[in-house]
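Protein chains: 2
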Amino acid sequence: MTYCLGIRLNSGIVFASDSRTNAGVDNISTYRKLFVFETPGERVICVLTAGNLAVTQAVISQLEEGLDGDTDGDTLYNVSSLTNAAQLVGRAIRNVHDRDQKYIEAEDGSASSTFILGGQIKGRRMRLFQIYSAGNYIEATEDTPYIQIGESKYGKPILERVVTPEMELLQAAKCALVSIDSTVRSNVAVALPIDMMVMNVDECKVAMQQRIQPEDPYYLQISKEWGEGLGKLFNDLPAPAWFDETS
Amino acid sequence: MTYCLGIRLNSGIVFASDSRTNAGVDNISTYRKLFVFETPGERVICVLTAGNLAVTQAVISQLEEGLDGDTDGDTLYNVSSLTNAAQLVGRAIRNVHDRDQKYIEAEDGSASSTFILGGQIKGRRMRLFQIYSAGNYIEATEDTPYIQIGESKYGKPILERVVTPEMELLQAAKCALVSIDSTVRSNVAVALPIDMMVMNVDECKVAMQQRIQPEDPYYLQISKEWGEGLGKLFNDLPAPAWFDETS
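Each protein sequence line maps, in turn, to chains A and B. Numbering-wise (the working numbering), the first sequence opens with residue 731 and increments by one. Numbering-wise (the working numbering), the second sequence opens with residue 731 and increments by one.
What the hints contain is simulated information worked out from the structure, not anything from laboratory work. The reader is advised that the hints may include incorrect statements.
Note that the list lumps identical chains together, so a pair holds whenever it fits in one copy or between two copies.
Derived SDA-like pairs: lysine to any residue, alpha-carbon spacing no greater than 20 angstroms straight-line [said to hold, decoys possible]:
#	residue 1	residue 2
1	935	768
2	832	946
3	962	952
4	954	837
5	935	741
6	935	813
7	935	772
8	935	947
9	935	855
10	962	896
11	962	898
12	962	951
13	962	900
14	935	857
15	852	807
16	832	798
17	832	863
Sequences are here, hints too, so could you generate the full structure?
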């Protein structure tokens, strides 16, 4: 399993991912799922991956080096727009599927994979996309300014309640950590370390990128305060007055 | 979709379910999914249902009137133990599957259904079971004293954080409402009214049963206080000190 999310604010984008992969519960590993393609000041593009690891690694490789069998030489370092970048991911997925899908499915595996892609190229708009396993894509909007892939349900309620395009970047980064923490607690197939990247609008470069380890003091602090706060909030809610338990 | 849960405490059991059914988003209805089989003082058994509505209705009918083609005359009103009750549900599911499953699947439908069954028969232990579509079952334990069926993910974190066997019944009823409220907010296929039943240990009868409508004042109050409290709790968490946003 996997949990990745991107939150597009007016002031920038926050990207975050867990790093656990598993081929059955007896085969668990740590793999990076957050990839940055940057020419500082000219472009910054971040790609997050979920799904079949062989497929996503083959896609990332083609995004860096150019599509297999393609003489155009398109990579995420030279595409002219974010839309073209999303389409390039779609073409790379289809390329890998054409080559591998029937063999994967013959072994009862799934070749399914999904991607988040966001960023900005100088002189163009900052954008955030979700690319499906079929290679088509949707864009985050004002109404729903975040995109999740993988195990999205446990971490969605906090996003729905607090994320707006006007939110500050660091508040959104905090929200991403709370969202991942909620997921980690309920699904052992999602786990730290967390990879995170934050970019400011119109800078076309990484503002902050780091790997947050399980013993990270800030992560431990918000995980503890959030958990204790939820317990207190629940206790403070009035109990129903439906019947007398002592009767 | 559906969301039902049962919470087994030392002092009793809380059962709760939503009441939305949907055959596509253009075909939404309200159906009861919580059924009580009671001979006050002698037995109280509650069954909650999720999955194919035709299957679950056929199962409930057989639990009331006896299995089709079965001359034993077993119903939930005369089985001698809760284990036998769980097995009766399993036999009823298999009975319906034997008759209908291949025809449902020929129409690309799913005959899958799951059940929660809990209660107590005089002189025996109070128990809570989950019965799978295959007709086999598991029992709630001290370690995991609750059982969920249907859309379980959105409402699971609050259960994990606060439910213990020592919890008071009315606190658990409050917890069930918060859990359903979180689910209703994130999945339109889960909706009010909520059916709820509470039983005290060793009474072998219903202590409280009611249908909670969307305009119920207590439900509205805890939904509002929980939502506002989460927002405040999030805002009160410290922001990360990773970089200066104004730089």
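Query raised in the report: So which hints don't hold here, by number, going up?
Result: 2, 4 and 8
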